[in-house]
Amino acid sequence: MENTSQEIWRSMYQLHYRRIYAVAFSLTRDTTMAEDVCHDAFLEAFRNLRQLRDLNKMGAWIAGIAINIAKSMLKRSGKIVPSETVEIQASLCASEDESPEDDVINKELKESILAVIRCLPVEFQQVVVLRYYYDLEYKDIAQILNISNGTVKSRLHRAHGRLKNLLEGTNLIDGKGLSECEAL
Amino acid sequence: MKLYETALEVNIRKVLHAELDGCPESGRDEVWERLQKSLQQGVAQPAPQSAPRKWVFRFAAAAAAVIVVASVASFLAPKQVTAVGKLLSGRVQRVTGQGFVNDISFSKQATGQPEQGRPQDSGIGNVSETFNSLKEAIRSSPFPLIVPNYIPDQFSFHQGAVEPSGSQARVLLTFTNKDDPKDRLIIRETGIWTEVSYGMVYSQDGTLVKEAIIDGNKVTVLSYNGRMMEAFWMDQGTAVKITGNLTEEEMLKIVEQMNR
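Just so you know, the protein sequences line up as chains P and Y, in that order. As numbered in numbering that gives the first Met the number 0, residues 0 to 183 make up the first sequence, in order. As numbered in numbering that gives the first Met the number 0, residues 0 to 259 make up the second sequence, in order.
Rather than coming from a laboratory, the hints here were simulated on the basis of the structure. Note that beta-carbon positions come from the ideal geometry of N, C-alpha and C, so glycine has one too. There may be inaccurate statements among the hints.
Just so you have them, the derived chain Y footprint on chain P, three or more residues with Cβ under 8 Å [claimed, not checked]: (1) 5-12; (2) 41-52; (3) 57-70; (4) 109-115; (5) 140-148; (6) 154-163.
Below, simulated SDA-like cross-link-like pairs (lysine to any residue); rule was C-alpha separation at most 25 Å, straight line [stated by the list, open to error]: (7) P:Lys56 <-> Y:Leu19; (8) P:Lys56 <-> P:Asn145; (9) P:Lys74 <-> P:Phe123; (10) P:Lys56 <-> Y:Ile137; (11) Y:Lys36 <-> P:Arg46; (12) Y:Lys36 <-> P:Asn47; (13) P:Lys56 <-> P:Asp139; (14) P:Lys70 <-> P:His159; (15) Y:Lys36 <-> P:Leu48; (16) P:Lys56 <-> P:Gly149.
Derived Cβ-Cβ restraints for the label pairs, each shown as a range [to be verified]: (17) P:Ser153 <-> Y:Pro151: 50 to 56 Å; (18) P:Cys118 <-> Y:Lys36: 33 to 39 Å; (19) Y:Ala62 <-> P:Thr150: 32 to 38 Å; (20) P:Arg75 <-> Y:Glu24: 32 to 38 Å; (21) Y:His16 <-> P:Asn145: 48 to 54 Å; (22) P:Thr31 <-> Y:Pro151: 15 to 21 Å; (23) Y:Arg183 <-> P:Thr31: 57 to 63 Å; (24) P:Asn148 <-> Y:Thr5: 18 to 24 Å; (25) P:Ala114 <-> Y:Thr5: 16 to 22 Å; (26) P:Pro120 <-> Y:Ala64: 25 to 31 Å; (27) P:Pro120 <-> Y:Glu210: 38 to 44 Å.
Based on the sequences and whatever the hints tell you, model everything.
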């Protein structure tokens, strides 16, 4: 490995590792497996760097690879991630005007959302993570995953449908929920 | 925050950020070290296992089954290219190693004595014997010759030569292009019965070096400006080197179909 390449790769790695690890850990709930996913995802990314059309989307691109790898590893290991082990930091969910009771409800709902996301097919998870964690537009997601805009919309729509079914009757889909919509 | 998002979308975003941004990180340095090794070696490093996993045993069982099937198949199937490896370098290459001597263009140094039971000088000395047919060359070779079963149509057999010398003997099979007699395809085979070291340097710009695994042997193939210059490998005590103005496809096909 040339020194220059090594330096570039190290910079990319340092820049993106934390978020890739977080995505991997959220799927596997296992630190060792999450590290394995990171290793394989970065390796695949560095080897296929030419396929990346926009360097600004590198993190999201590697995340897409990582999700695929995590799913394969989970399938091979026969490991099922139990949703009851999901731990959300309560402090992250609470707002100042929420009572402890609201906090408990919010925590349960958040766990439900995460559990549903984890149970989605891998191609749905990819678009959900790229859309809502990496904040990408449809066209950027389409480019990274090499699919059409329509497919991105369709997958997101179906992912929303599953979440809505689960969360029917809760305040998470009626405009209140964790906070008011902050769209401007 | 996107414009016109539904409450559900807003909440998905919040939940994901809360979950992932709050996730404690681990293994950054360890994974980088493994990654560096993998990038240097060109292969993925197996992760250190914290505990036995079911898939490890499944993989081991599957690998064992593949090995058994491959072993049986190797007796039944014709030789095939199993892999063409990566480009080793874009330009100048130095290839060194130990195990066999090739021809006089290699620096060579015998480091051992002839083994008992191995063929010695045939008594002809360093004088070449030439033959006008492949069959004669095969008969006269002091070691089991590896014979090409495929030669590109444009080439025809020209001459065979046997050159016994000290602890090795060399057989040259020469084929000439029907349209251009100066265009020659040469197969050199060297029977080895001493341990030797070898080295070779290619200093011409545009020389590409690749590795291929053919019938279990690691074959080094070199091309110059898009045409194949050379392929060489070791097959059970015989060093084989093919030189010619060929395409990569033609060269690999010749190598594939070399049989004892």
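Structure-based check of each hint:
For the segment 5-12 of chain P, the proposed coverage by chain Y is satisfied: 4 residues have a C-beta within less than 8 Å of a C-beta in that chain, meeting the threshold of three. Only residues whose beta carbon comes within less than 8 Å of a beta carbon in chain Y count, and the segment 41-52 of chain P has 3; three or more means the coverage holds. Residues of the segment 57-70 of chain P with a Cβ under 8 Å from some Cβ of chain Y number 0, which does not satisfy the need for three, so the listed coverage is violated. With a threshold of 8 Å between beta carbons, the proposed coverage of the segment 109-115 of chain P by chain Y holds, since 3 of its residues qualify and at least three are required.
Beta-carbon proximity to chain Y at under 8 Å applies to 0 residues in the segment 140-148 of chain P; the threshold of 3 is not reached and the given coverage is violated. A stretch counts as covered by a chain when three or more of its residues have a beta carbon under 8 Å from one of that chain; for the segment 154-163 of chain P and chain Y the count is 3, and the coverage holds. Under the criterion of a C-alpha separation no larger than 25 Å, the hint pairing Lys56 of chain P with Leu19 of chain Y is consistent with the structure, at around 18 Å. For a cut-off of 25 Å, the pair hint linking Lys56 of chain P to Asn145 of chain P stands: about 13 Å separates their Cα positions.
For a cut-off of 25 Å, the pair hint linking Lys74 of chain P to Phe123 of chain P stands: about 16 Å separates their Cα positions. Note on Lys56 of chain P and Ile137 of chain Y: the hinted pairing is violated, with a Cα-Cα distance of about 62 Å set against a maximum of 25 Å. Between the alpha carbons of Lys36 of chain Y and Arg46 of chain P the distance comes to roughly 14 Å, so the proposed pair stays at or under 25 Å and holds. Distance hint between Lys36 of chain Y and Asn47 of chain P is fulfilled; the C-alpha atoms sit about 17 Å from each other, no more than 25 Å.
For the hint pairing Lys56 of chain P with Asp139 of chain P, the CA-to-CA distance comes to about 8 Å; that is within 25 Å, so the pair holds. Between Lys70 of chain P and His159 of chain P, the direct Cα distance comes to roughly 20 Å. Compliance with the 25 Å bound is thereby established for this hinted pair. Straight-line distance between C-alpha atoms of Lys36 of chain Y and Leu48 of chain P comes to about 18 Å, which keeps the hinted pair within the 25 Å bound. Restraint check for Lys56 of chain P and Gly149 of chain P: the C-alpha separation of about 20 Å stays at or below 25 Å, so the hint holds.
For the pair Ser153 of chain P and Pro151 of chain Y, the beta carbons lie near 52 Å from each other, so the given range of 50 to 56 Å is met. The hint said 33 to 39 Å for the Cβ distance between Cys118 of chain P and Lys36 of chain Y, and at roughly 35 Å that hint holds. At about 36 Å, the beta-carbon gap between Ala62 of chain Y and Thr150 of chain P stays in the expected band of 32 to 38 Å. Between Arg75 of chain P and Glu24 of chain Y the Cβ separation comes to about 24 Å, which falls outside the hinted range of 32 to 38 Å.
At about 26 Å, the CB distance of His16 of chain Y to Asn145 of chain P disagrees with the hint of 48 to 54 Å. Restraint check, Thr31 of chain P to Pro151 of chain Y: a C-beta distance of roughly 53 Å breaks the suggested window 15 to 21 Å. For Arg183 of chain Y paired with Thr31 of chain P, a C-beta distance near 58 Å keeps the hint of 57 to 63 Å intact. The hinted range of 18 to 24 Å is satisfied by Asn148 of chain P and Thr5 of chain Y, whose Cβ atoms lie roughly 19 Å apart.
The hint said 16 to 22 Å for the Cβ distance between Ala114 of chain P and Thr5 of chain Y, and at roughly 20 Å that hint holds. A C-beta distance of roughly 30 Å is found between Pro120 of chain P and Ala64 of chain Y, which places it inside the suggested range of 25 to 31 Å. Between Pro120 of chain P and Glu210 of chain Y the C-beta distance comes to about 40 Å, which sits within the given range of 38 to 44 Å.
Of the numbered hints stated above, those contradicted by the structure are hints 3, 5, 10, 20, 21 and 22, listed in ascending order.
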